[in-house]
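*Asks:* Here is what each chain is made of, one letter per residue.
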Amino acid sequence: MKSFLKKNSVPYLFLLPWLIGFFVMTLYPMAMSLYMSMTNYNITRPNSTQFIGLGNYIQMFTSDPKFMKSLQVTFLYVFVSVPLKLIFALLIAVLMNQKLRFVGVYRAIYYIPTLLGGSVSIAVLWRKLFSKDGVINMLLGSLPGINASDLPGWIANPKYAIWTLVILTVWQFGSSMIIFLAGLKQIPQDYYEAASIDGASKVRQFFKITVPSLTPVILFNLIMQMISAFQAFTQAYIISGGKGGPVDSTLFYSLYLYNKGFYLSDMGYASAMAWVLLLIIAVLTLIIFRSSGSWVSYGTGE
Amino acid sequence: MDVNTKRRILGGVRLTLTHLVIIVIGLVMLYPVIWMIVSSFKPNNMIFSDTSLIPKALTLDNYVTGWKGYANVSFGQFFINSILLCVFAVVGNVFSCTLAAYAFGRLKFSLKWLWFAVMMLSVMLPAHVTTIPRYLLFNAFGWTSSKDVIVNYLPIVAPKFLAVDAFFVFLLVQFIRGLPKDLDEAATIDGCSRTGIFFRIVLPLTTPAIVTTALFTFIWTWDDFFNQLLYLSSPNTFTVSMGLRSFVDNSASSNWGGVLAMSTLAMIPSFILFFSLQKYFVRGIATTGIKG
Chain V
1 MKSFLKKNSV PYLFLLPWLI GFFVMTLYPM AMSLYMSMTN YNITRPNSTQ
51 FIGLGNYIQM FTSDPKFMKS LQVTFLYVFV SVPLKLIFAL LIAVLMNQKL
101 RFVGVYRAIY YIPTLLGGSV SIAVLWRKLF SKDGVINMLL GSLPGINASD
151 LPGWIANPKY AIWTLVILTV WQFGSSMIIF LAGLKQIPQD YYEAASIDGA
201 SKVRQFFKIT VPSLTPVILF NLIMQMISAF QAFTQAYIIS GGKGGPVDST
251 LFYSLYLYNK GFYLSDMGYA SAMAWVLLLI IAVLTLIIFR SSGSWVSYGT
301 GE
Chain Y
1 MDVNTKRRIL GGVRLTLTHL VIIVIGLVML YPVIWMIVSS FKPNNMIFSD
51 TSLIPKALTL DNYVTGWKGY ANVSFGQFFI NSILLCVFAV VGNVFSCTLA
101 AYAFGRLKFS LKWLWFAVMM LSVMLPAHVT TIPRYLLFNA FGWTSSKDVI
151 VNYLPIVAPK FLAVDAFFVF LLVQFIRGLP KDLDEAATID GCSRTGIFFR
201 IVLPLTTPAI VTTALFTFIW TWDDFFNQLL YLSSPNTFTV SMGLRSFVDN
251 SASSNWGGVL AMSTLAMIPS FILFFSLQKY FVRGIATTGI KG
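Just so you know, the protein sequences line up as chains V and Y, in that order. Quick note on this note's numbering: the first sequence kicks off at 1 and runs consecutively. Quick note on this note's numbering: the second sequence kicks off at 1 and runs consecutively.
Looking at chain Y on its own, in the form it has when it is part of the complex (with noise of 0.2 Å):
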């Protein structure tokens, strides 16, 4: 056997083993979301006798009692409330934050640098400064008691339309950045305003950054607890998250089964976000250092 030939085999085996390594170690990682998965289709009193993926029955029981929801409300309309919240907090965000990123990214304006540093500040800055006070404010504007839904998910949805998540200001800056100049300078030469500069040239071009916009606020806004244990009253407004949450406290020793198959349903949203625009996920991640 020559050189080159055993440098292969060896080059071969040791790529095999690297596959194996990630495979086994990604097994391991997702034990728990499978073995979850697979339990939500088990009869509820073998759950937590059988540690093994493969069950040895299957039901749909567990969907069907868990469905029933919790105080009268089903999970059904759970699910609405969460895809309600989260296509308000999505509009919001879109739009406030594009319309600043642009004044940021691309125009010239008095006292720039001083809105900047503070835009930037404002990102790392922890939510606990502002809770209690907004707590106040919207408390005191009728929101935080309010058994109709649009009116409840405003403490949440209003800072939305006020571009409050920084971060997808700094996101969207970062991007319309990068975008070539010429194109502005040429329309601008063609006698294009600034405003007319914004929507026919930048946003389409900053479309990438804006479904990474949109599909983090949906997946963040979805998987939100804090916001939603404080301002969501009754259990008419509550999302997912805080029926998930009410369930749990409510019938922990006799239905896990039904919990399990909740918690399932939960996470199809962000599965199915998840997996038809995984490159904006890459990409939004790796160029801002996205959290979480």
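Chain V extracted, bound-state conformation (with noise of 0.2 Å):
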């Protein structure tokens, strides 16, 4: 008993305000929310709270056209926005990954759209960029054969508002490309030496030699980015003024769970998006994991 604290009481002192963390701040809500996803709360009128089963889950998929169109609208965002997110910082860190001088500004040049990204200031940017007498209208209409008022404004138009926040995903690449760049430089020399004194070209050499040495970088890279697109919020709410329009082309799933738990009160039935959620992330993740036994390479050395 004696060595049983002599061993554990300091370590679980350091460990102590993250054990109080996970209980407090993370289990106990999980648990809640759980429940929480079973009943009809409304923080409106908490007194009439009822436990309904499934009732929240049976809702979403069967009468609720709403959280079906936020699905869509999400799984679209997610599906495109991250290949294509990947596909550029590949390219770019190949494209760097040279013996270049000022390669450092480069990288630093590169990264400044994910540093500022995420920010308020970014999506209101991107709100006048895009809108039908914004800047990137004006450069189009600039072009010859186009003619500015012909031109839609891609923010108010249902068909093109996700496009715009597509591209602003796209757009900060820059932590992906890091690790791309790290990852490049693990990759030994005498492949590219020995597949060109063999003759290969330089895009035969990207295929099968930097694309199979790097995919267990564009596995992680993969998931990461998967994970926190499907989480994107801050622009969406900003560019459609909260809602999610026009027409409900731009309501993310974080953006209508937000609408119904806290614009609507109605936090049971946000509690169980909460759940369809995590669900949809993780078996996606696993879908992920299982098919990487096929295309990842984890090199033959070790």
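I should point out that these hints are in silico values taken from the structure, not numbers from a laboratory.
Here are the simulated lysine to aspartate or glutamate pairs, DMTMM-like style, with alpha carbons at most 25 Å apart:
| no. | chain 1 | residue 1 | chain 2 | residue 2 |
| --- | --- | --- | --- | --- |
| 1 | V | LYS243 | Y | ASP249 |
| 2 | V | LYS99 | V | GLU193 |
| 3 | Y | LYS56 | V | ASP133 |
| 4 | Y | LYS112 | Y | ASP184 |
| 5 | V | LYS7 | Y | ASP190 |
Among chain Y residues calculated to face chain V with C-beta under 8 Å, some are:
| no. | residue |
| --- | --- |
| 6 | THR18 |
| 7 | ILE22 |
| 8 | GLY26 |
| 9 | LEU30 |
| 10 | TYR102 |
| 11 | ALA103 |
| 12 | SER110 |
| 13 | VAL118 |
| 14 | VAL129 |
| 15 | ILE132 |
| 16 | ARG194 |
| 17 | TRP256 |
| 18 | MET267 |
| 19 | GLN278 |
| 20 | ILE285 |
| 21 | ALA286 |
Backbone N, C-alpha and C define an ideal beta-carbon position, used for all residues, glycine too.
Mind docking these for me? Both chains are given alone in their own frames, and the hints should help you get the complex.
*Replies:* Right under this line is the structure:
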């Protein structure tokens, strides 16, 4: 007993803040939220709370077209923006992975959008850039054969609004690029030298050496970026003025959850939505991990 | 011309082309940000009739009108609030995450495997599943409606003092594990306690990872919008993010110059930190694959 205490007391003292945080800020809220997801709890009338079992979950998938719309919007956004972002990050990383002068400066410049991209400032800027009388239309309008007044207001048009958010996300490829650059440094140069001697072209080397060697890094980036893309909130909120419009075309999952839980005070339903999101992310992560056996190579030497 | 000279010239051309491509793409990428900064100095009526990066007339009017802020609270107050919030967040994260990371990275104790697994899982956990009960909890404490700046910031700051941003625990654990163990062992032989080793050996050596933690905490808290939207209740506790948002919603049609000017100011702290401490950024991202 004495030695047990001696072994554990100091480490647990160091761990104490985290332990309290885990129980009070993570575990308890998770349990509460799971329970709430099976009630019709509404913060404005807590006394009429009833246990409704899977009612919220059933309602989501059978009689809430807005929910289905938000799923559709979010999936489109995640499945388009994440791969595009990774492709850009990889191409630019390869371009920079040479004995170039000023590489540090370039890397810093390419990281700036990532540094600023999540802020309200940039969202505000985006809203202005892509509006009907915005800079993008003025620039496009100055091209031959395009008349600025025929161009749509990208933010205000339900067909295009989501794409302005995709562009905003892809624009922030900086941290993926830095991770790819670190990965590229690990690839032994002799691979490329051997391939050059065998007469393999640069493009062939890219697909036969670079991409396979980077697959573990690609897997990592893919999962991290996917998880954060599913939770995107700020940009859609600011650009659509908080409502996910026009016509719900930018109604990201998180935005709908927020509006349900905190605007309409329907917190039981919002809790259920949170658990569905957790499930979606968990399943997709699992699928990617499972599939990784067939496309990720961890080298042969280890 | 012999083969070698030819190859050298070709190599030079290729290198120049690479530089050119990188610079052109970089300029296209930065155009929106540069346009924003330049436009913030243009007279209001010229902002949206001019795509050029060289202003035809310069003015500080936008900064003057923008600085007035929103609901009689000036942007100066929003800046002070943001800095206050960020400093609390940084102190909280550095304090709690370093302690936990030392336990996970260096000490032996019962059930370590379980807590470590749980901690790693919580890195991937979407915030949504804890948001609503946490909100209700803080609401019950009276923190969400407080007009007192410090109290109103507790819902955002308190979790940081409890190492809820497990991502940083992970980052610090990775770093501490990489430190040579001989120093600890020598210190133990000399009779140094585990607490002594933490303060005298591990903490000083962990400084680079602590700087990375502080940097990312500061910038992410500065840019964070969701939590501030959720918890900050009145204009006198508003941060820069909230100030900007209210500003946009309320003066969208009239004063875009002011909005752009304040947005430009809002980016300055991130810029300064990034350019002065760049190597910590790159190292932090490259070694842990930081999100964002």
